[in-house]
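Novice: Quick mapping for you: the protein sequence lines, in order, are chains A and B. If you're matching positions, the first sequence starts at 1 in full-length UniProt numbering and goes up one per residue. If you're matching positions, the second sequence starts at 1 in full-length UniProt numbering and goes up one per residue.
Rather than coming from a laboratory, the hints here were simulated on the basis of the structure. Some clues are possibly wrong.
[To be verified] Short, incomplete list of chain A residues facing chain B, as computed with Cβ under 8 Å:
#  : residue
1  : Gln51
2  : Leu56
3  : Met83
4  : Lys86
5  : His96
6  : Gln97
7  : Leu98
8  : Phe144
9  : Thr162
10 : Ser260
11 : Trp263
[To be verified] When the alpha-carbon atoms are kept at most 25 Å apart in a straight line, the in silico SDA-like pairs for lysine to any residue are as follows:
#  : chain 1 : residue 1 : chain 2 : residue 2
12 : A       : Lys20     : B       : Leu198
13 : B       : Lys214    : A       : Lys20
14 : A       : Lys189    : A       : Leu128
Note that this is a predicted model, so its numbers are computed, not measured. We treat Cβ as the ideally placed atom computed from N, Cα and C, and that holds for glycine.
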Amino acid sequence: MHIAFQNVSYSYMIGSPFEKQALASVNAHISSGSFTGVVGSTGSGKSTLMQLINGLLLPTSGEVQLGDARLHRKTKRKEVKQMRKKIGMVFQYPEHQLFGSTVEEDMLFGPRHLGMDVNSIRKRLPALLDIVGIGEDVLPVSPFSLSGGQMRRIAIAGVLATDPEVLILDEPAASLDPAGHRALLDVLKTWHDERGLTSILVTHDMEDAARYADDIIVMGPAEKPVTSGPPAEVFRQVEWLSDIGLAAPPSIRIAHALQSAGWDIRDTLLEPEAMAAVVANQWTRGKKEG
Amino acid sequence: MLQNIVIGQYIPVDSPLHRLDSRAKILCLLALAVIVFLANEFWSYTALVTTVILFVVLSRVPLKFFLKGLLPIFILIIFTFFLHAFFTNEGAVLFSVLGFSVYSGGIEQGVYISVRIGSLVVFASLLTLTTTPIDLTDGFESFLRPFKRFGLPAHEMALMMSISIRLIPTLLLEADRILKAQAARGADFAKGSLRTRLETLTAFIIPLFVRSFKRAEDMATAMDARGYRGGEGRTKLRVLKWRARDTIACIIVAGVGVVLALLRDF
């Protein structure tokens, strides 16, 4: 589903002395079927932007287009709810939303409240758990008896159970160990590819953004709220990124550092392995010549 | 959703009232609560209203925050006004409705009582609008301290109060996050059958409780780890300081009391 932001502004606590503008006339678009990475420093409005997509927040001004639907200041609750059926949202620390007395009950909460066929989804639960790497024997168990990592994966499986067309992932792998971190993102990327979803990954981790995203949206300072483009293009602006408190992925930073030290490196590549090959190549050539 | 709730009501502007010691403000409020009842005829009420207006102007808090405080008790004020208007039989008959005669004395009495209740509320709002919750608890603690010898756990009470106040915004933020997470999963907190609504409510309450207990546990551990062992021998980072202006404030309030006492009808 194509998503577009048109002059979207959002302010919190309007009319109180604590009023704060989180987004100022943002224009951006996310093409259908893409896996988009959203990066930005703390407080740059990433989470606000995500909540505007599924109508948890409605724009103070401007509008958000989702396929044929539009969300603006005066959109009715009913339409918003209709929208939400198509959008799955994994919040930061999704394990905090677990409440059911059994894993099964919790996972069926979403489908039931979105008016889906609960019985057919019940049959799919073991497969869903398998995708996130958990055995189906946890279905009758209380989610609170599981480990933090397992709770996280169950909460995510609960969102996948609603079969969304758009998947919003807000730091889904935060505070997991490195192996679990990669495994979880790999699972979500595979799910995205197989089902042809439109996915949005909010992250602090530039390596994740570089590795998984087809497009990058950088949330910057107020003067220029949004910059977007393919990862190779966005991450090439090493100095600008560090000016707004972000760092390019390590592979690009190394290439950049070698360039400024006088190395003849023309390609800056995102994949660490490919970049390493370029550097090694230069190194051996330099030795031969020197 | 919940982000529009302002807790503690404190309005961060700079004014003579904001700068006063919280103990002085609590004392003045107590005194004013008594003084309000001294007014009983036109001139003493005029003096009272003048005082209220003067204090509100001095506080530099926008007027709408006082109106917000008055709104919940507006019904009470209206009710007492009509009660007095209809059941006081003094002065000249103004008009009659449905067999009830309304006397001029009744209207007068109704207005007076409404002004009295309104002033009380405005004075109380003045305290919470110009004092941070932390200063307020510090003030209460210093008033409670003398009762320690009778076994009153003054420090612990103040600590409980400040922890509760401190955690309200955190809890609200948490509640907001959970509400949104469940709404994203399709929960509708405003509509649906009783059964669905009960389930949505559980989906909100249970995570909130789980998080709160977890937070309380973490906090206890953090306090233990830093060697917290109660109020014994504990010093404060922010020491309340009674200055000349605090004494002056108390004298002004006492002055208001004297003026009203002189003006009132005996």
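Novice: Taking the hints in turn, state whether each one holds.
Specialist: So, going through the hints one by one against the coordinates:
no., hint, in the structure
1, Gln51, "7 Å, holds"
2, Leu56, "5 Å, holds"
3, Met83, "11 Å, violated"
4, Lys86, "11 Å, violated"
5, His96, "6 Å, holds"
6, Gln97, "4 Å, holds"
7, Leu98, "7 Å, holds"
8, Phe144, "7 Å, holds"
9, Thr162, "7 Å, holds"
10, Ser260, "43 Å, violated"
11, Trp263, "47 Å, violated"
12, Lys20(A) / Leu198(B), "35 Å, violated"
13, Lys214(B) / Lys20(A), "30 Å, violated"
14, Lys189(A) / Leu128(A), "15 Å, holds"
Hint check: violations occur at hints 3, 4, 10, 11, 12 and 13; the rest are consistent with the structure.
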